[in-house]
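J.: Could you build all of it, start to finish, from the sequences and the hints given here?
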Amino acid sequence: MPAEVPPLSSGDTAWLLTSTALVLLMTLPGLALFYGGLVRIKNVLSLLVQCFAITGVVSLLWLAVGYSLAFSNGGPLNSVIGGLDKAFLLGMARDAQTGSIPESLFCMFQLTFAAITPALVVGAFAERVRFAAVLWFAGLWVLLVYVPIAHWVWGGGWLAQLGVMDFAGGIVVHVNAGVAALVGALTLGGRRGFPQTSMAPHSLPLTACGAGMLWVGWYGFNGGSALAANGSAGMAVLATHMGASAGALAWMWAEWRRFGKPSMLGIVTGMVAGLGTITPASGYVGPLGAVAIGLVAGFLCFHATQYLKQRLHIDDSLDVSPVHGAGGVIGTLLTGVFAAAALGGSGYSVQTSMAGQLGVQALGVAACAAWCGGMTWLIMRVLDTTLGLRVSDEQESEGLDLASHGERGYSG
Amino acid sequence: MPAEVPPLSSGDTAWLLTSTALVLLMTLPGLALFYGGLVRIKNVLSLLVQCFAITGVVSLLWLAVGYSLAFSNGGPLNSVIGGLDKAFLLGMARDAQTGSIPESLFCMFQLTFAAITPALVVGAFAERVRFAAVLWFAGLWVLLVYVPIAHWVWGGGWLAQLGVMDFAGGIVVHVNAGVAALVGALTLGGRRGFPQTSMAPHSLPLTACGAGMLWVGWYGFNGGSALAANGSAGMAVLATHMGASAGALAWMWAEWRRFGKPSMLGIVTGMVAGLGTITPASGYVGPLGAVAIGLVAGFLCFHATQYLKQRLHIDDSLDVSPVHGAGGVIGTLLTGVFAAAALGGSGYSVQTSMAGQLGVQALGVAACAAWCGGMTWLIMRVLDTTLGLRVSDEQESEGLDLASHGERGYSG
Amino acid sequence: MPAEVPPLSSGDTAWLLTSTALVLLMTLPGLALFYGGLVRIKNVLSLLVQCFAITGVVSLLWLAVGYSLAFSNGGPLNSVIGGLDKAFLLGMARDAQTGSIPESLFCMFQLTFAAITPALVVGAFAERVRFAAVLWFAGLWVLLVYVPIAHWVWGGGWLAQLGVMDFAGGIVVHVNAGVAALVGALTLGGRRGFPQTSMAPHSLPLTACGAGMLWVGWYGFNGGSALAANGSAGMAVLATHMGASAGALAWMWAEWRRFGKPSMLGIVTGMVAGLGTITPASGYVGPLGAVAIGLVAGFLCFHATQYLKQRLHIDDSLDVSPVHGAGGVIGTLLTGVFAAAALGGSGYSVQTSMAGQLGVQALGVAACAAWCGGMTWLIMRVLDTTLGLRVSDEQESEGLDLASHGERGYSG
Amino acid sequence: MKLVTAIIKPFKLDDVRAALSEIGVSGMTVTEVKGFGRQRGHTELYRGAEYVVDFVPKTRIEVAVRTELVDQCVESIVKAAKTGKVGDGKIFITNIDRVIRIRTGETDNSAL
Amino acid sequence: MKLVTAIIKPFKLDDVRAALSEIGVSGMTVTEVKGFGRQRGHTELYRGAEYVVDFVPKTRIEVAVRTELVDQCVESIVKAAKTGKVGDGKIFITNIDRVIRIRTGETDNSAL
Amino acid sequence: MKLVTAIIKPFKLDDVRAALSEIGVSGMTVTEVKGFGRQRGHTELYRGAEYVVDFVPKTRIEVAVRTELVDQCVESIVKAAKTGKVGDGKIFITNIDRVIRIRTGETDNSAL
Ligand SMILES: Nc1ncnc2c1ncn2[C@@H]1O[C@H](COP(=O)(O)OP(=O)(O)O)[C@@H](O)[C@H]1O
Ligand SMILES: Nc1ncnc2c1ncn2[C@@H]1O[C@H](COP(=O)(O)OP(=O)(O)O)[C@@H](O)[C@H]1O
Ligand SMILES: Nc1ncnc2c1ncn2[C@@H]1O[C@H](COP(=O)(O)OP(=O)(O)O)[C@@H](O)[C@H]1O
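Residue numbers (numbering that gives the first Met the number 0), protein chains in the order written: chain X, 0 to 411; chain E, 0 to 411; chain Y, 0 to 411; chain S, 0 to 111; chain G, 0 to 111; chain A, 0 to 111.
Just to be clear, a hint being listed does not mean it is correct.
[As the list claims (entries may be wrong)] Label-pair ranges, simulated between beta-carbon atoms:
| no. | chain 1 | residue 1 | chain 2 | residue 2 | range |
| --- | --- | --- | --- | --- | --- |
| 1 | S | 94 | A | 39 | 41 to 51 Å |
| 2 | E | 340 | X | 355 | 46 to 56 Å |
| 3 | A | 10 | X | 355 | 55 to 65 Å |
These are computed hints drawn from the structure, not numbers from a lab. We put the beta carbon where it would ideally sit given N, CA and C, even for glycine.
T.: Right under this line is the structure:
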């Protein structure tokens with residue numbers, strides 16, 4: 000925060016309040032429905048309850064220490080982690096500001112990012128994970144993985160000092176979620192009967208409903224990351240929209256060519272890929288750069304998904320790593336390219352070349368992947384040996400809705 | 000309105016426009032889906048149509064006289080009811096303001112509160128009520144119950160003069176809806192076969208979709224009640240979110256302990272309980288106070304629900320009174336406690352002690368419960384003797400969708 | 000843009016950012032779900048994928064040339080079409096403004112209107128159209144029909160010069176979509192088995208979910224068209240809400256009288272009729288004028304729907320023309336009436352009488368209908384002879400979801 | 000052994016099950032079916048498009064019983080399923096050559 | 000009496016019902032079933048995961064008729080349900096010992 | 000010809016189909032049904048309202064076969080469907096008077 004605080008802007012505050020609502024909409028009900036529709040009918044509620052519970056757990060932890068560790072000054076340790084002055088927001092005055100908006104709002108806006116990231120991850124654990132394990136995973140992962148990486152990139156940590164460009168979370172959210180999903184899926188193991196038995200989505204309309212909300216909410220995710228209602232926010236929303244459109248069409252085209260038919264699920268998956276990929280770039284590129292990024296995203300994420308399933312036979316059940324992980328990497332790197340003023344971008348900071356920026360971007364991806372991969376592996380191992388990661392085979396075939404929650408999704 | 004009007008603030012206006020959309024989202028489709036999913040498949044449309052029709056009826060009545068009676072000056076009668084100068088908004092200039100926002104917008108924002116309250120109530124009448132009775136009930140109840148109580152608390156009436164603290168509708172919306180639901184359920188009588196025969200929710204994903212929209216929309220419900228995009232709105236959204244999270248986790252924990260399994264429906268019900276309970280407090284407490292209020296709400300509303308069903312065998316079909324009613328009472332009282340500056344709240348008005356404030360809060364609850372209870376009973380009795388409250392037994396077992404609306408929710 | 004640009008308003012920008020999100024919500028998932036629920040279970044995905052794909056295609060074309068042709072100066076041709084200076088937004092500086100908001104945002108806001116209009120149209124083609132034909136139709140129709148008409152009315156074209164009043168798209172969106180739907184349905188031909196065999200909506204809760212989002216999103220559609228967060232936006236939202244409420248109740252009443260039962264689908268259809276009809280008027284009329292317009296809309300569109308189906312036996316499958324077309328015409332004409340200051344409206348421009356304005360409004364409707372009707376017919380004919388408009392009979396009876404997209408909406 | 004197939008009104012299922020277990024018949028297989036007969040269906044209206052749905056939801060119960068038990072079984076089904084209104088349904092009795100319990104391989108009466 | 004069980008293509012149900020009522024058979028019980036046979040199913044693709052669905056939706060019609068009526072009944076079903084393409088389905092005729100109408104207790108032919 | 004009707008656990012359907020086609024029986028009709036028997040169901044809780052659901056989802060397989068094939072058919076169904084746990088289900092064998100293939104009008108064995 001600058002030494003002298005600018006006056007509070009009601010316009011910027013109005014937009015951030017809205018953006019916070021939009022990002023929450025992405026998780027609840029957006030992502031919950033998107034995921035819930037993709038699983039078999041006997042497991043739909045398990046995904047819904049996980050998204051709600053993760054949001055609850057992460058919210059309380061964010062208030063307790065998460066926000067402070069990510070966004071307050073860590074003194075000597077500041078390059079790696081923040082401090083505890085703002086634990087429980089006790090250090091925060093009711094009228095404190097972050098830039099031109101209330102700090103309470105900034106904390107709340109960032110909370111919604113911390114909540115959706117682990118919720119994205121659990122898509123890889125679908126249809127076999129124990130509910131208690133999900134709760135513990137979400138709590139531990141947010142504190143040990145999300146918070147430090149958010150601090151490195153956005154909280155004034157070492158990557159920020161190196162000038163990494165991650166406007167709204169290509170590294171912090173998508174690379175992070177993708178790597179955790181991949182490591183998690185490997186430690187957890189595949190669903191019984193994968194890949195032979197049919198595990199067709201039980202309700203694609205539910206998935207489409209969630210997909211639409213994700214697109215809408217993403218305006219707040221990326222546009223809100225400008226922390227103001229200004230031209231940067233406007234351009235970010237335009238870029239976000241172009242990334243989504245291009246991603247959806249690219250995936251559609253790839254499917255059409257490969258399988259002879261474009262599918263609804265394919266188009267919305269391409270849209271998500273486009274959105275995830277444009278995220279780090281949204282505030283730095285122009286609309287044409289965004290189209291280019293979206294096209295690459297739709298095309299590469301499509302092939303990454305095929306590869307993981309068909310070749311590697313890894314059961315990342317809802318394709319989190321090939322969509323968000325691959326997309327996050329691609330987007331973070333391409334940000335270094337399309338930020339060039341020559342390509343309609345906002346340009347680099349002084350004395351930085353495209354090559355230099357690309358190096359920093361790659362370093363950011365690598366550092367995030369390394370830390371996230373290692374810590375996620377550790378957390379999963381610990382949980383497996385303590386309370387166990389998977390439900391029993393009987394429970395898995397009965398379905399998590401009845402086995403873990405005592406309910407059925409649909410009756411009569 | 001103050002003697003001299005502040006300049007119109009585009010930022011405050013932007014946020015109130017957004018909040019109005021968010022509160023409408025809570026009813027349509029939020030609450031409609033939340034309720035629609037909870038009933039049996041043969042009655043899903045009846046809940047949906049009721050929510051849409053109630054919104055239509057209340058909107059026209061609000062324009063006609065409701066807004067004027069609630070928010071204009073009632074002259075000598077002002078302590079109990081407003082006047083008619085603004086009936087049909089004829090008395091309102093196109094450029095009139097309320098504080099820093101257009102009065103047309105203030106009227107519209109308040110309309111969405113007036114619409115959702117009776118919509119909440121009819122959850123108690125589900126699966127057996129005659130549609131015409133719902134329309135008449137909504138109209139009469141809004142004019143005879145909601146409007147006067149809104150005037151007492153927010154329109155400069157006697158409770159406002161006593162300094163009651165109800166930021167966004169703990170008394171006006173939740174105690175009010177809860178009491179009306181209870182009285183209504185008792186006068187209407189239970190569903191045939193209650194409680195022996197299974198009345199399992201026909202689609203919990205629909206309910207979860209609505210629940211997510213309720214959470215998101217509640218940011219506008221509470222945050223918009225600041226009538227500005229400022230620190231108070233930011234803090235209200237933060238408190239609202241913490242209340243929801245704590246409520247969801249508390250209910251989850253209570254269910255887990257009591258039944259061995261936490262359910263999706265339980266978590267979202269706890270979330271609603273937390274949101275309803277934090278509503279009156281949202282603008283006065285700090286984030287930790289909000290967590291405390293949410294925890295109490297989730298826990299007590301869970302037990303209230305058990306008690307009403309298991310012990311009293313009252314068929315408040317969608318548990319409106321134990322969730323909104325109990326939550327409203329708890330929240331209104333705890334507002335008197337956690338508003339204390341010492342507890343991170345905004346503090347009391349001069350020369351008011353916590354005890355004094357608590358007294359006023361209790362008086363507000365009691366007055367609302369008394370008036371609402373009596374008038375609701377009267378309205379229900381009159382409707383019962385005139386057009387009849389319930390459908391015939393044949394219609395009830397055929398289902399309201401076919402019997403009253405000539406449609407089926409799902410085909411093929 | 001005026002010679003000297005006003006300072007950027009963060010409040011106006013915040014509201015337009017929100018409005019853009021709200022209008023996207025109308026299409027995705029709003030309209031997609033509204034339409035998806037209305038078709039048979041074997042075709043639900045086809046409507047969903049069409050809405051997503053149309054949005055993608057239109058977005059890229061809008062960026063390429065659409066925005067420029069609609070909203071940039073066409074020089075000598077300006078009365079009929081805009082220019083190409085802003086093709087690919089190359090001519091636009093990152094900090095360019097339109098009025099008090101960023102031009103990137105204005106372009107994005109207008110994009111959402113261009114995307115939803117062809118999406119509305121394809122409701123008339125449901126359950127039998129070839130997917131490739133939909134994509135080509137959307138692209139060609141937006142460029143050849145939507146763009147020029149948007150320029151005539153909003154881009155400084157000849158209708159704007161004549162002073163036509165179309166606040167948010169009565170002509171540009173609704174008359175346009177309605178006429179295209181009618182012509183399209185006629186060239187395409189009805190569904191096999193229409194009207195004998197039952198084609199009951201497969202999921203009205205899905206439709207209700209979309210309907211609620213349409214109502215909410217319409218606040219941004221009409222309120223955002225003020226291009227500012229001010230009294231005009233506030234009044235537009237109030238008028239919009241009153242139009243929706245009155246339309247819903249009028250249709251409900253008409254159905255009740257005619258068939259003895261009011262239906263959920265009827266109420267939401269009346270709501271859409273009210274919203275479409277109030278659209279051109281929303282910024283010019285008062286709340287009572289809006290109620291009047293809504294009542295007329297609900298009543299006339301109900302009868303138009305009966306007439307088209309029962310008498311003319313035209314298979315405009317999702318009733319786009321009798322609802323949006325009829326509504327658009329009614330609303331555009333009534334705007335000329337209820338804009339009168341004497342009727343609570345904002346009044347006419349100097350030296351314009353009600354009669355004069357009505358003439359201009361009628362001319363606008365006629366010109367739009369003529370151009371849209373002719374061009375739509377041409378596009379459909381060309382597509383029919385080149386790639387073919389309809390799927391084969393086998394594919395039609397198998398259902399588009401499997402035949403065209405290789406998926407089923409629901410499994411297990 | 001005989002197979003007793005009863006088509007009844009859905010809301011009568013629980014009563015019929017109770018009646019059957021009273022006479023010691025606890026096993027049965029139930030299917031949701033559509034019935035056509037004297038009982039008329041209903042009409043649905045969607046934006047003025049009228050659809051006459053002339054089937055009625057029914058529940059089909061299959062019970063395999065020892066031949067001696069058939070009359071008793073029929074009796075208790077009739078008693079439990081009867082409302083006296085059109086649409087109460089039918090009972091069909093057919094012959095079963097053999098019954099096998101998959102779990103144990105037991106056959107005929109001991110498999111029931 | 001005989002039970003005529005026909006497995007047909009779902010979209011033929013209305014035609015078959017019409018044909019049967021022409022010969023005075025108005026009562027029947029219908030079940031939605033999955034059929035396996037010569038007719039092949041279809042393939043679904045979800046994000047590249049390919050699922051071969053080899054059952055085909057079919058409709059199962061049960062009609063209990065007086066023995067004399069069986070041939071006529073079979074004839075009209077065949078006529079109405081036939082498309083000539085693989086998957087038209089089968090008709091099975093089995094014997095019924097007894098029929099009871101639940102509402103009246105009437106039995107056998109008079110119960111139909 | 001005989002009609003072999005088997006009530007099995009749903010997840011066993013694919014195994015049973017495979018087993019049957021091994022012995023040359025490729026045609027069958029499958030229905031999703033609810034079973035009541037020794038195997039107990041489950042309990043559901045909604046906001047503290049407890050519902051005991053005592054039916055179990057089962058799959059009903061109908062196979063019409065030449066009389067000579069019945070034993071072989073039963074054998075392979077039992078082998079494929081057996082888990083040894085309560086609820087494996089039953090097989091009923093009943094007689095078929097006639098079979099007609101709608102498409103061709105072929106009858107009896109040649110219709111299978
Ligand atoms: N001939 C028949 N064959 C098979 N099922 C029949 C027959 N007649 C009636 N049913 C079944 O019995 C049900 C009740 O028959 P219906 O004629 O409506 O009433 P009731 O049995 O009281 O005369 C029908 O819905 C149908 O499912
Ligand atoms: N042996 C059988 N037993 C029971 N049902 C059968 C049998 N063979 C076929 N069916 C049913 O008849 C339907 C049509 O059979 P199929 O072989 O596909 O075509 P067709 O009857 O024209 O030869 C199948 O889907 C199945 O439901
Ligand atoms: N008497 C019966 N008549 C018809 N179906 C039966 C009968 N008894 C059992 N069934 C069916 O067989 C299924 C399994 O029977 P059950 O008693 O649970 O286990 P098991 O067959 O292993 O003894 C039941 O769910 C039911 O569908």
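J.: Checking each numbered hint in turn, tell me which of them this model violates, lowest number first.
T.: 1
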